[in-house]
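Keeping the supplied structure of chain A fixed, place chains B and C upon it in accordance with the hints.
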Amino acid sequence: MTSDPNFTGAAGPSTEELIFDATEAQRRRRPSRIERVGDHLKREWQLYVMLIPTILWLAIFLYKPMYGLQIAFKDYSVFRGVEGSPWIGFEHFQTLFGNDQFLRALKNTIVISFYGLIFGFPMPILLALMFNEILKQTFKKTAQTIVYLPHFVSSVIIAGIVITAFSPSAGIVNTMLGWLGIEPIYFLTKPEWFRPIFVGTGIWQEAGFQSIVYLAAIAGISPTLYESAVVDGASRWQMMWKITLPSILPTIIIMLIIRIGNMLEVSFEMIILLYQPATYETADVVNTFIYRQGIQGGQYDLAAAAGLFNAVVAFVLVMTANAISKRYSRTSLW
Amino acid sequence: MNLYSRGDKLFVILNMVLIGLFTLSTLYPFIYIASLSMSTGFEARSGNVILTPVGFTLEAYKQVLSEPLFWSSYKNTFIYTIGGTLMSLAFIIPGAYALSKPQLYGRRFWNLVVAFTMWFNAGLIPFFLNMRDLGLLDSYFGIIIGFAVNGFNIILLRNFFEGIPKSFEEAARMDGANEFQVLWKVYVPLSKPAIATVALFCIVSRWNGFFWAMVLLQDEEKIPLQVYLRKVIVELSDDEEFATTLLTAAYSVETVTAAIIVCSIIPILLIYPFLQKYFSKGILLGGVKE
Amino acid sequence: MAGVHLNGIVKAYGALQVVHGIDLEVREKEFVVLVGPSGCGKSTTLRMIAGLEEISDGDLTIDGRLVNRVAPKDRDVAMVFQNYALYPHLNVADNIAFGLRIRKESKEKIASSVEEVGGILGLTPYLERRPADLSGGQRQRVAMGRAIVRRPKVFLFDEPLSNLDAKLRTQMRAEIKRLHKRLGATSIYVTHDQVEAMTLADRIVVMHDGRIEQIGSPMELFLNPANTFVAGFLGSPPMNMVKAIVVAGDQGPVAEFDGQRVQLQHIPALTNAVGQEVILGIRPEFVSVSNQSDPNLINLDVDLVETLGSEALIHASLQGDPFVIRTNTVGQMNILDGIKGFTIEPHLVKVFDARTGNALPGQVLEQ
Numbered sequence: 000m001t002s003d004p005n006f007t008g009a010a011g012p013s014t015e016e017l018i019f020d021a022t023e024a025q026r027r028r029r030p031s032r033i034e035r036v037g038d039h040l041k042r043e044w045q046l047y048v049m050l051i052p053t054i055l056w057l058a059i060f061l062y063k064p065m066y067g068l069q070i071a072f073k074d075y076s077v078f079r080g081v082e083g084s085p086w087i088g089f090e091h092f093q094t095l096f097g098n099d100q101f102l103r104a105l106k107n108t109i110v111i112s113f114y115g116l117i118f119g120f121p122m123p124i125l126l127a128l129m130f131n132e133i134l135k136q137t138f139k140k141t142a143q144t145i146v147y148l149p150h151f152v153s154s155v156i157i158a159g160i161v162i163t164a165f166s167p168s169a170g171i172v173n174t175m176l177g178w179l180g181i182e183p184i185y186f187l188t189k190p191e192w193f194r195p196i197f198v199g200t201g202i203w204q205e206a207g208f209q210s211i212v213y214l215a216a217i218a219g220i221s222p223t224l225y226e227s228a229v230v231d232g233a234s235r236w237q238m239m240w241k242i243t244l245p246s247i248l249p250t251i252i253i254m255l256i257i258r259i260g261n262m263l264e265v266s267f268e269m270i271i272l273l274y275q276p277a278t279y280e281t282a283d284v285v286n287t288f289i290y291r292q293g294i295q296g297g298q299y300d301l302a303a304a305a306g307l308f309n310a311v312v313a314f315v316l317v318m319t320a321n322a323i324s325k326r327y328s329r330t331s332l333w
Numbered sequence: 000m001n002l003y004s005r006g007d008k009l010f011v012i013l014n015m016v017l018i019g020l021f022t023l024s025t026l027y028p029f030i031y032i033a034s035l036s037m038s039t040g041f042e043a044r045s046g047n048v049i050l051t052p053v054g055f056t057l058e059a060y061k062q063v064l065s066e067p068l069f070w071s072s073y074k075n076t077f078i079y080t081i082g083g084t085l086m087s088l089a090f091i092i093p094g095a096y097a098l099s100k101p102q103l104y105g106r107r108f109w110n111l112v113v114a115f116t117m118w119f120n121a122g123l124i125p126f127f128l129n130m131r132d133l134g135l136l137d138s139y140f141g142i143i144i145g146f147a148v149n150g151f152n153i154i155l156l157r158n159f160f161e162g163i164p165k166s167f168e169e170a171a172r173m174d175g176a177n178e179f180q181v182l183w184k185v186y187v188p189l190s191k192p193a194i195a196t197v198a199l200f201c202i203v204s205r206w207n208g209f210f211w212a213m214v215l216l217q218d219e220e221k222i223p224l225q226v227y228l229r230k231v232i233v234e235l236s237d238d239e240e241f242a243t244t245l246l247t248a249a250y251s252v253e254t255v256t257a258a259i260i261v262c263s264i265i266p267i268l269l270i271y272p273f274l275q276k277y278f279s280k281g282i283l284l285g286g287v288k289e
Numbered sequence: 000m001a002g003v004h005l006n007g008i009v010k011a012y013g014a015l016q017v018v019h020g021i022d023l024e025v026r027e028k029e030f031v032v033l034v035g036p037s038g039c040g041k042s043t044t045l046r047m048i049a050g051l052e053e054i055s056d057g058d059l060t061i062d063g064r065l066v067n068r069v070a071p072k073d074r075d076v077a078m079v080f081q082n083y084a085l086y087p088h089l090n091v092a093d094n095i096a097f098g099l100r101i102r103k104e105s106k107e108k109i110a111s112s113v114e115e116v117g118g119i120l121g122l123t124p125y126l127e128r129r130p131a132d133l134s135g136g137q138r139q140r141v142a143m144g145r146a147i148v149r150r151p152k153v154f155l156f157d158e159p160l161s162n163l164d165a166k167l168r169t170q171m172r173a174e175i176k177r178l179h180k181r182l183g184a185t186s187i188y189v190t191h192d193q194v195e196a197m198t199l200a201d202r203i204v205v206m207h208d209g210r211i212e213q214i215g216s217p218m219e220l221f222l223n224p225a226n227t228f229v230a231g232f233l234g235s236p237p238m239n240m241v242k243a244i245v246v247a248g249d250q251g252p253v254a255e256f257d258g259q260r261v262q263l264q265h266i267p268a269l270t271n272a273v274g275q276e277v278i279l280g281i282r283p284e285f286v287s288v289s290n291q292s293d294p295n296l297i298n299l300d301v302d303l304v305e306t307l308g309s310e311a312l313i314h315a316s317l318q319g320d321p322f323v324i325r326t327n328t329v330g331q332m333n334i335l336d337g338i339k340g341f342t343i344e345p346h347l348v349k350v351f352d353a354r355t356g357n358a359l360p361g362q363v364l365e366q
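Residue numbers (numbering that gives the first Met the number 0), protein chains in the order written: chain A, 0 to 333; chain B, 0 to 289; chain C, 0 to 366.
Source of the hints: derived by calculation from the structure; they are not laboratory data. Please note that the accuracy of each hint is not assured.
What the hints assert, rightly or not - Pairs of lysine-lysine residues, derived as DSSO-like cross-links and limited to a Cα-Cα distance of at most 27 angstroms, are as follows:
(1) Lys180/C to Lys184/B
(2) Lys276/B to Lys139/A
(3) Lys152/C to Lys180/C
(4) Lys184/B to Lys72/C
(5) Lys139/A to Lys184/B
(6) Lys135/A to Lys8/B
Stated by the list, open to error - If you only want the chain B side, here are some residues facing chain C, beta carbon under 10 angstroms, derived:
(7) Pro52
(8) Phe55
(9) Glu58
(10) Ser166
(11) Ala171
(12) Gly175
(13) Asn177
(14) Lys191
Note that the coordinates shown come from a computational prediction; the quantities given were computed from them, not determined experimentally. Virtual Cβ for every residue (Gly too), placed ideally from N, Cα, C.
Next up, chain A with everything else stripped away, as it sits in the complex (with noise of 0.2 angstroms):
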């Protein structure tokens, strides 16, 4: 069989090829935007009917009080809504610079977080790397679900086993410090003491749980680098500050970099409920001082203010934050 070398095209006519022809009445060469989007629409509109729940739920119920938000600059009242009440600017905002207590919960606020930082951000890493020395498997995994649990306990019943072990007269705390002949501290109403107290127990809870991320870190380093060294006769202690703490250094500093993001979030559920007016001096931040005066107190529109000005702080603190982390690791936090 011979056949020309060129050949690219079809065959003669064929039943087909007939068969196409008669066709040709329909022949449509790109269809207009309009019939791309009807087709679309025809093929895929179940698509969006999976995604119309999901968005109206956030138009309803994250969008709209973003909207309601504009109360902050209202004289708001309940009987005129949040449309018919008046304009008054900034009023509010002036207000709350010129008060004591928002910028007394303002201060809190930074001081909690930043002692939050300075002592719960290295633990979980200092967890993590000691958790990865250990050879013993069953101890390890005994170790890791016994301190990854008081991640799961809510705040209420955290803040109920600190009022128990603190109580001046029946607390264990007290009672340990009665063996060594100190008096009774009435804990959670000392200003000096609630801090610790807070900070403290936001390690204890939640130190084990964080320490998951720098584990998973940790699992990919490549086994190889372990080999090497110790080949090289590098001791333990070595390897964990010259190949483990190195290698988990980018999640350590996206960590971090997410956490200064989120500096404004303090857990205000557990100083609602570990607080009382004794100890506002030192525990009231601005979360728990929009709730006293807002939903409490009933000035909505001045706690509406004080929570835009959070919202936009700590919006502006993680923006930046997901861009400097973008900019360091080339991956987003979302």
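Using the frame of chain A, we list chains B and C on its own:
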């Protein structure tokens, strides 16, 4: 053969001791609370309970379990947890699926709509006023629907869906499956671990959540366990009258509080094996993404 | 009657065109293989036929019906995917039955179809197993089972063997061929492996940079490549390419390079071609080697002789470019050590225009 030098051995042992101490310090408060709950009120008040129950008694539990409000709040927590989790999944699974599909028009925009809620929220007051305007105060439905969706969970699941090879969907499409069938018969079975993770996130946050329940629910019949617990812990421990009347009884504020804590922590302990398995995956899945 | 007709099929992503207007007619019951290097547009073309990619321009008809805007499920085609796309949560029987269930076939029909397909593919003992418990070859069979159970008009294969090891690939290749003979369904098969293309195809479509380079039966393409791309792509080792200039010789046109001469075939295109730059395509199998000095010999510098048993590969260089020869070892072992050069019949030297890379017209090698 001895692989480790003496220095290494010392390091390993010291390390184990430190981890052991940290672990014990984590465990101790739970043991302390459990022992307290089973001690007599008198011993508890006198600060004699250190590690094990002193003057073993279950009076505190009798007291707790005879309180109707405890039972109704326990029941309510189950309603909020189960109803809320199912509601969340009903929104999140289809939503995340749609957002994972490249052919969705405006996909970037919709994803931004979701992500933005993680960066910026209107805050407590506008959310509260909105719930009030919607007539969702003091309502079971309000608690269940009001916290159904959260950006983090959507994005976590979306990321997982995006990781499923496209050919699974394409094969199902060629077999004649529509979007709902692709999601239900292919993606959902393939995503069981991720869906389990999201479900557990929901369960834990529902079970533990107290702030909004406290704010939105006035009616005692509707409050969940955590709000009840707070009432007992925070309010009664300040109540000197209650404290003194119970001073000599077989139970005290401390033992009753401890008993409620034990009761409310048990369900979490029961699902804890699953929690441990899926949560670590979950935080890694949702956290950092290209 | 299930032909597939592509008429000016274009795929563009915005301004970027990746498939530049494909014309192809796949006849009923034909096995057509699209082959080409990665990124040549072969998979995109296949996916447009499947309906998984939108067709930017041109017409696609299946069985005489224009299907440009028809959903994949309504095109009556089935596809075997590169990674098989077997559902890990379903056993073999349920994987095969998936499409029938979606189409709400009756239980009896599904059961009998699954049984039949399982029999055809030798999967009967494994119907209850999950994909994770199957070997690579078995998974591949399940993937095919899922396609054939629907009895579609057209089968599409997207690199179905590329996840298998070499031995299994050879075995499954033969199995696909047998299956096609048995079912006689129109098949379009995409691969980057020219051996697969050669062995499976009734006709091969060689693609390059979003265009068709040549269409023809495997032997047509092997013997008469339309251009240097096709010549270099098909055959293993590939055709040797030697740059040369046409000069006049005693017995017709001769190609000259480096002071060496190769007699060319008398074809009209070469009659007045003195001075033309050409590329000589010399198949590694078409030459005879020699260890004797001979004026007709084309001299080579041999680097290495690889003995593979019945045959040997001789790696040499010519004009500084690698030149590979494949030869029998039987009766030739004694000369393999001292090879000086080779001779070749004039009609076996394929001549390409050096400027365009196209084969000179009129030179046709008979099978």
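Verification of the hints:
{"no.": "1", "hint": "Lys180/C to Lys184/B", "verdict": "violated, 34 angstroms"}
{"no.": "2", "hint": "Lys276/B to Lys139/A", "verdict": "holds, 15 angstroms"}
{"no.": "3", "hint": "Lys152/C to Lys180/C", "verdict": "holds, 15 angstroms"}
{"no.": "4", "hint": "Lys184/B to Lys72/C", "verdict": "holds, 16 angstroms"}
{"no.": "5", "hint": "Lys139/A to Lys184/B", "verdict": "violated, 39 angstroms"}
{"no.": "6", "hint": "Lys135/A to Lys8/B", "verdict": "holds, 13 angstroms"}
{"no.": "7", "hint": "Pro52", "verdict": "violated, 48 angstroms"}
{"no.": "8", "hint": "Phe55", "verdict": "violated, 50 angstroms"}
{"no.": "9", "hint": "Glu58", "verdict": "violated, 51 angstroms"}
{"no.": "10", "hint": "Ser166", "verdict": "holds, 4 angstroms"}
{"no.": "11", "hint": "Ala171", "verdict": "holds, 7 angstroms"}
{"no.": "12", "hint": "Gly175", "verdict": "holds, 4 angstroms"}
{"no.": "13", "hint": "Asn177", "verdict": "holds, 9 angstroms"}
{"no.": "14", "hint": "Lys191", "verdict": "holds, 8 angstroms"}
The structure fails hints 1, 5, 7, 8, 9 (numbered hints given earlier, in ascending order).
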